[in-house]
Amino acid sequence: MVTIKRIILDVLKPHHPDCLEFACAIADKSPGIKVELTVDEIDEKTESIIIVIEGESLDYDAIVEVITDLGGSVHSLDEVEVTSKPD
Amino acid sequence: MVTIKRIILDVLKPHHPDCLEFACAIADKSPGIKVELTVDEIDEKTESIIIVIEGESLDYDAIVEVITDLGGSVHSLDEVEVTSKPD
Amino acid sequence: MVTIKRIILDVLKPHHPDCLEFACAIADKSPGIKVELTVDEIDEKTESIIIVIEGESLDYDAIVEVITDLGGSVHSLDEVEVTSKPD
Amino acid sequence: MVTIKRIILDVLKPHHPDCLEFACAIADKSPGIKVELTVDEIDEKTESIIIVIEGESLDYDAIVEVITDLGGSVHSLDEVEVTSKPD
Amino acid sequence: MVTIKRIILDVLKPHHPDCLEFACAIADKSPGIKVELTVDEIDEKTESIIIVIEGESLDYDAIVEVITDLGGSVHSLDEVEVTSKPD
Amino acid sequence: MVTIKRIILDVLKPHHPDCLEFACAIADKSPGIKVELTVDEIDEKTESIIIVIEGESLDYDAIVEVITDLGGSVHSLDEVEVTSKPD
Amino acid sequence: MVTIKRIILDVLKPHHPDCLEFACAIADKSPGIKVELTVDEIDEKTESIIIVIEGESLDYDAIVEVITDLGGSVHSLDEVEVTSKPD
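If you read the sequences in order, they're chains A, B, C, D, E, F and G.
At position 51 of the first sequence the residue is numbered 50 (numbering that gives the first Met the number 0), and the sequence of numbers has no breaks.
At position 40 of the second sequence the residue is numbered 39 (numbering that gives the first Met the number 0), and the sequence of numbers has no breaks.
At position 36 of the third sequence the residue is numbered 35 (numbering that gives the first Met the number 0), and the sequence of numbers has no breaks.
At position 85 of the fourth sequence the residue is numbered 84 (numbering that gives the first Met the number 0), and the sequence of numbers has no breaks.
At position 62 of the fifth sequence the residue is numbered 61 (numbering that gives the first Met the number 0), and the sequence of numbers has no breaks.
At position 56 of the sixth sequence the residue is numbered 55 (numbering that gives the first Met the number 0), and the sequence of numbers has no breaks.
At position 64 of the seventh sequence the residue is numbered 63 (numbering that gives the first Met the number 0), and the sequence of numbers has no breaks.
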């Protein structure tokens with residue numbers, strides 16, 4: 000079985016909801032994960048944020064759904080780490 | 000349950016109260032936290048400071064309230080780390 | 000006996016399947032490995048990715064086969080670490 | 000209770016008393032602390048020094064008093080780390 | 000007795016055999032060693048590679064022989080670490 | 000009680016006695032210390048050296064005396080670390 | 000008693016004997032030491048090498064003698080670390 004351990008997302012979002020709400024909403028949907036959100040660039044109406052998410056087994060689709068529901072769009076998946084269980 | 004473990008704030012403040020009072024006032028409102036305050040830029044009447052706050056479960060609103068009460072304004076929330084409890 | 004512990008591949012791939020599918024497909028074929036995929040450059044129709052794969056004993060041919068099956072091509076093998084068992 | 004764990008001071012001092020005397024005088028007033036003093040810039044009559052002070056519970060006013068008594072002036076408090084005890 | 004613990008070789012090789020074969024062939028001749036091979040520069044017919052070899056007691060001549068047998072030439076020995084046993 | 004744990008000295012010395020003799024002479028006068036001497040700049044008749052001295056309780060005056068006796072002159076005391084014993 | 004723990008030598012040597020022979024010859028004369036030799040610059044007839052030697056108690060004169068016997072000349076002693084035994 001393959002599990003996702005870590006992803007780094009480059010996300011474009013409106014100023015509201017703010018970064019804290021974004022991070023909390025993502026964490027809220029997935030038990031046992033860590034979410035680090037860093038602001039990369041602030042424009043007039045939007046901001047680029049980098050989200051690093053780590054956990055024992057991440058649900059990528061659920062994460063993207065939360066981001067989209069909050070008005071954000073995943074610009075790119077910059078990094079992903081997956082592992083496969085030994086036989 | 001989602002808890003905030005670490006935030007980095009970019010804050011604009013008047014010269015008084017000084018940085019030490021700022022840091023102590025923030026820590027005073029939240030038991031069991033660590034506050035690191037670094038001066039980023041000093042202007043004639045104001046100074047930009049970076050505040051890194053870490054704890055088991057930070058109360059963001061209480062932190063912002065202390066900063067505002069002391070005459071400071073949160074310019075931006077540069078980084079936030081949250082975790083969700085495993086099921 | 001010689002075993003491959005770590006390889007770094009520079010791969011050119013179409014945008015689809017996406018990076019997550021790539022990483023998962025590689026891990027899925029090899030039990031007990033870790034796959035880190037980083038996007039290096041994004042062009043109109045393709046993207047360059049760096050794939051770091053670690054495991055107790057990697058099967059290089061199986062890895063290349065997965066990449067090729069998904070439409071990717073190994074541009075170069077940038078790094079390889081192998082060990083030989085003591086006598 | 001809030002305690003100060005670490006401060007970094009930017010201090011302007013005359014050449015005499017020298018850096019060693021400065022550091023020792025500060026440490027002498029506060030039991031159980033560590034004082035690291037680095038010379039930043041030397042001018043004709045004065046020198047800028049950076050003083051890093053760490054301890055379990057620093058007394059800021061006592062530290063500033065020692066510096067002033069030796070003819071130095073605190074140019075700025077560049078960094079401060081405080082902690083609050085858990086409830 | 001003096002033993003070689005680590006060497007770094009700058010090697011020029013044809014594209015074939017590839018890096019993986021090179022690394023495996025070196026490791027295959029020496030039990031209990033680790034071989035890290037990094038590609039430094041790729042030209043039309045040749046490539047420059049850096050080979051880091053570590054082990055309890057490396058046999059330098061055997062290593063060079065393998066490289067030469069595969070069509071490579073040692074351009075330089077960039078680093079070497081040796082130890083002598085205590086009396 | 001205040002003790003000196005570490006000092007960094009910028010010293011100007013003639014080429015002879017050489018760096019090794021300098022380091023050994025300093026260490027010889029103070030039991031239980033470590034002396035690291037790095038050459039910073041070599042001129043025709045003199046050389047600038049950086050001396051890092053660490054120990055449980057350094058005797059600064061004794062160190063300077065050794066340096067002066069060997070023909071060196073302390074250009075500056077670049078860093079000093081002192082500690083005070085807890086009550 | 001003062002002992003030398005570590006020295007860094009800048010040495011000019013002919014191409015032959017090669018670096019490996021140099022390192023081994025130095026280690027061979029001194030039991031229980033580690034010799035790291037890095038090539039810094041290669042000219043037509045000579046090469047500059049940096050030799051880092053570590054041990055419990057290095058014999059500097061013996062090391063220099065080996066280097067000289069092999070046709071090398073110590074260009075400079077770049078760093079030296081010595082310690083003195085506690086009383």
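Just so you know, the hints here were simulated from the structure itself, not pulled from any lab data.
Note that CB positions come from ideal geometry on N, CA and C, so glycine has one too.
Just to be clear, a hint being listed does not mean it is correct.
Label-pair ranges, simulated between beta-carbon atoms [to be verified]: (1) D:Lys44 x C:Asp9: 56 to 62 Å; (2) G:Thr67 x A:Asp9: 48 to 54 Å; (3) E:Val51 x F:Gly31: 53 to 59 Å; (4) A:Glu55 x D:Lys28: 49 to 55 Å; (5) F:Asp17 x G:Val51: 14 to 20 Å; (6) D:Ser56 x B:Lys28: 15 to 21 Å; (7) C:Thr45 x G:His74: 50 to 56 Å; (8) F:His15 x E:Thr67: 30 to 36 Å; (9) C:His74 x E:Asp9: 47 to 53 Å; (10) C:Thr45 x E:Asp9: 14 to 20 Å; (11) A:Ile41 x C:Thr45: 55 to 61 Å; (12) B:Ala61 x D:His74: 47 to 53 Å; (13) C:His74 x A:Lys44: 36 to 42 Å.
Computed list of lysine to aspartate or glutamate pairs in EDC-like fashion (alpha-carbon distance at most 16 Å, straight line) [what the hints assert, rightly or not]: (14) D:Lys33 x F:Asp27; (15) D:Lys84 x B:Asp86; (16) F:Lys4 x D:Glu78; (17) C:Lys84 x E:Asp17; (18) E:Lys4 x G:Glu78; (19) C:Lys28 x A:Asp86; (20) A:Lys33 x B:Glu55; (21) D:Lys33 x F:Glu35; (22) A:Lys33 x B:Glu53; (23) F:Lys84 x D:Asp27; (24) B:Lys84 x A:Asp86; (25) G:Lys4 x F:Glu35; (26) D:Lys84 x B:Asp27; (27) G:Lys4 x F:Glu20; (28) F:Lys33 x G:Glu53; (29) B:Lys84 x A:Asp27; (30) G:Lys84 x F:Asp27; (31) D:Lys4 x B:Glu20; (32) G:Lys33 x E:Glu53; (33) D:Lys4 x B:Glu53; (34) F:Lys33 x G:Glu35; (35) E:Lys4 x G:Asp68; (36) B:Lys33 x D:Glu78.
Hints versus structure:
no.	hint	verdict
1	D:Lys44 x C:Asp9: 56 to 62 Å	59 Å, holds
2	G:Thr67 x A:Asp9: 48 to 54 Å	60 Å, violated
3	E:Val51 x F:Gly31: 53 to 59 Å	38 Å, violated
4	A:Glu55 x D:Lys28: 49 to 55 Å	51 Å, holds
5	F:Asp17 x G:Val51: 14 to 20 Å	18 Å, holds
6	D:Ser56 x B:Lys28: 15 to 21 Å	19 Å, holds
7	C:Thr45 x G:His74: 50 to 56 Å	51 Å, holds
8	F:His15 x E:Thr67: 30 to 36 Å	48 Å, violated
9	C:His74 x E:Asp9: 47 to 53 Å	23 Å, violated
10	C:Thr45 x E:Asp9: 14 to 20 Å	32 Å, violated
11	A:Ile41 x C:Thr45: 55 to 61 Å	31 Å, violated
12	B:Ala61 x D:His74: 47 to 53 Å	32 Å, violated
13	C:His74 x A:Lys44: 36 to 42 Å	39 Å, holds
14	D:Lys33 x F:Asp27	27 Å, violated
15	D:Lys84 x B:Asp86	29 Å, violated
16	F:Lys4 x D:Glu78	23 Å, violated
17	C:Lys84 x E:Asp17	22 Å, violated
18	E:Lys4 x G:Glu78	23 Å, violated
19	C:Lys28 x A:Asp86	11 Å, holds
20	A:Lys33 x B:Glu55	13 Å, holds
21	D:Lys33 x F:Glu35	22 Å, violated
22	A:Lys33 x B:Glu53	14 Å, holds
23	F:Lys84 x D:Asp27	9 Å, holds
24	B:Lys84 x A:Asp86	29 Å, violated
25	G:Lys4 x F:Glu35	10 Å, holds
26	D:Lys84 x B:Asp27	9 Å, holds
27	G:Lys4 x F:Glu20	14 Å, holds
28	F:Lys33 x G:Glu53	14 Å, holds
29	B:Lys84 x A:Asp27	9 Å, holds
30	G:Lys84 x F:Asp27	9 Å, holds
31	D:Lys4 x B:Glu20	14 Å, holds
32	G:Lys33 x E:Glu53	14 Å, holds
33	D:Lys4 x B:Glu53	14 Å, holds
34	F:Lys33 x G:Glu35	22 Å, violated
35	E:Lys4 x G:Asp68	24 Å, violated
36	B:Lys33 x D:Glu78	13 Å, holds
Hints 2, 3, 8, 9, 10, 11, 12, 14, 15, 16, 17, 18, 21, 24, 34, 35 from the earlier list are contradicted by this structure; the remaining hints agree with it.
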